[in-house]
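*Asks:* Chains as they are written, first to last, in my numbering: chain A, 1 to 161; chain B, 1001 to 1502.
The hints are simulated quantities; they were obtained by calculation from the structure and are not laboratory data. It is possible that part of the hints are untrue.
Ranges of calculated distance between the beta carbons of each label pair, as one might list FRET restraints [what the hints assert, rightly or not]:
1) Arg1500(B) - Leu52(A): 28 to 38 Å
2) Pro42(A) - Ile1489(B): 17 to 27 Å
3) Lys29(A) - Leu1250(B): 55 to 65 Å
4) Gly1462(B) - Val55(A): 27 to 37 Å
5) Tyr142(A) - Lys1494(B): 50 to 60 Å
6) Asn61(A) - Asn1221(B): 19 to 29 Å
The calculated DSS-like cross-link candidates involving lysine-lysine, where the alpha carbons are at most 27 Å apart (straight line), are [stated by the list, open to error]:
7) Lys64(A) - Lys1491(B)
8) Lys64(A) - Lys1430(B)
9) Lys64(A) - Lys1431(B)
10) Lys1430(B) - Lys1491(B)
Note that the structure is a prediction, hence the values are computed from the model and not measured. We put the CB at the ideal spot given by N, CA and C, even for glycine.
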Amino acid sequence: MKNRSLYSELSLVSFFLILTCWYLFDSYKASASTENLLLILPSASVVILLCLWVVLRTCFNFRKQKEVVSEEEQPKPEKKVSVLAAMALLAGYVLSMDWIGFDVATFLFMAALMFLQGERRLVWLGGFSFGFAFLVSLFFEYMIPYPMPMLLGREMIERLI
Amino acid sequence: MIDFIAVQQALELLFTSVTPWLVVIPGILIGLVFGSIPGLQISMAMAIFLPLTLHMNFVMSMLFLTAIFTGGSFGGGVTAILMNIPGTSSALATAFDGYPMARQGRHNEALGLALGSSTFGCGLGYIVLFALIQPISILVLKLGPSEMFAVTVWGLTLIASLRGDHMSKGIISGVFGLLLGTVGYNELGTARGTLEIELLLDGIPAVPAMMGMFAASELFNLLNAKFIVEDEEQRNVSRPKIFQGFKESLRFPIVNSRGSMLGIMIGAVPGVGSSVANLLSYMETKRRDKDPDSFGHGNPKGVMASESANSSSEAGSMATLLALGIPGGGATAVMLAVFAMNNITGGPTFIREQTDVVYAIIFANFAQVFLLAIIGLLTIPLLASVVKVPVRMLVPSVMALAIFGSYGLTGSMAGPYTVLVFACLGYVMKKYNYSVPGLVIGILLGKMAESELLHSYQISGGQISYVFSRPVTLFIVVLLLLSIGYQPIMKFVKARWSHRKS
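Just chain A, with the same shape it has in the complex:
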């Protein structure tokens, strides 16, 4: 558990480090002029140095730390699963909305996330999700000046009227 926590923390620092190095390289490749790198070079240097410092400090603290973090402080396993599942649902929602329409994607996402959180009443799962998704989609479709991908939406209502 302790090792996993260390690796997770190091992964996050490495993410910052790698992304910063890549961004600096990409900016340099785009243009090596002073004007282009005026802010990016010093900022990236600060991030790289501090990331290295955090890596060193984390490893040093890890070696020094003798007592294992108590079980109470660790997130419960089922919570982790539910967060990961919620993240996956959100990703599925965002990636699918362009294909199946904002309204249907929202309805499916809401019903699935409510189900994941323990809602089992069909009236709420179907009724609330549908009502909310439909009303919000319609509201935004009317309010914002850009076209929104929809399966039902305004067009269907206008046809019905």
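Since the structure of chain A is provided, determine the placement of chain B on it from the hints.
*Replies:* Coordinates of chain B only, in the frame set by chain A:
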């Protein structure tokens, strides 16, 4: 400084007919609704309702738009307190203590405090504007790119103090955010970090990133809770408690006045405005407080500091608009459209020749302050009912709203994608004590910081001595160093003192 004949004419303009006032209450309500819905911006509300002003005269149009502005400034704080979604960047610091207060069952008090401080800030802002509109406009003209860069960096360096216990991680977050803020085309037309993705050419959209980092990542943490406020008794919406919070905010005139003055000064700087003002005010209040560690855990002063600053910055941005004809942000840019529609050009000539109109706008805003207090107290109980909604319904609803809002802001899938990426990143960053507000501030200020630094570089020809010829820049740099150094130095001195004593 005050033209009393113009004052009399302004009063006549406002009170000879009831017509100009008919648009004020609808304006405040529109602002409150748009401010309270995540993803809908005040500027968006103003733009949507702008065509209505075609049927109004100039004063009435300005009254309508400033009423939306006033209502929206407070409305953004409501979602920051109840859902941890700062609907606008100006309500960022309100979420720091407002949301913890809500989770402790003190949502009524927090909303009352926010309303009280908003009212105070807005009122004081317009009083100062009334008295000092001409000197403010002269001062703003003296600000060059080096000063703007210094103000931006000042806003950014606050992140280090935001996470006093993990300073290196705070700085990493902020500077990394600054780098993310520069993604896309720069002023010279060079594209960086776009991975050849078309959506990234304009850069990372800041407000959707903020929504993802604050709202969606926080919602992941709520997944296994039943309600935002666990204790059933504390979940009640209580009008007396809201009113108590409102009264409580008036018991801290120093916190409110400091926030308001900072809001006016920073709000007058075009482009920086309320998004930096609320943070500066928050940090100053935290720095001066006897118990700075309680900030971020539900300290009412944090809510007051932020709300007084973001509300008063409205007056600051109005000063720039009226006196120079330069819009400080999106909302004042829409107001500039009203100027153009009425063939009016803001600037020193406008102030000199149409002082009565300027004063009429300011006086109308005094009245709006009182109306905001009344309408706010009447509508908050309805808005606060969010805490009664079970989390299993609230989480998907708010996430969906954030996604829709982000699409509304960007007009493309860039918004929803940004929310998704930053929601996951925000969740992981919080877990490992990285500063989420720091990253958000960095993204918000990145483009501006780069642009101002570039202008300073071009003006100075790369000579560092240029900074020494700019007293205002030097003054801001000194303030910046003081705000960073004060806390660690005081800690060190106190430690030495107690060590010697023992």
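*Asks:* Against this structure, judge whether each hint is valid.
*Replies:* Consistency of the hints with the structure:
no.	hint	result
1	Arg1500(B) - Leu52(A): 28 to 38 Å	holds (37 Å)
2	Pro42(A) - Ile1489(B): 17 to 27 Å	holds (25 Å)
3	Lys29(A) - Leu1250(B): 55 to 65 Å	holds (57 Å)
4	Gly1462(B) - Val55(A): 27 to 37 Å	holds (34 Å)
5	Tyr142(A) - Lys1494(B): 50 to 60 Å	holds (59 Å)
6	Asn61(A) - Asn1221(B): 19 to 29 Å	holds (25 Å)
7	Lys64(A) - Lys1491(B)	holds (26 Å)
8	Lys64(A) - Lys1430(B)	holds (24 Å)
9	Lys64(A) - Lys1431(B)	holds (21 Å)
10	Lys1430(B) - Lys1491(B)	holds (26 Å)
Checked against the numbered hints given earlier, this structure breaks none of them.
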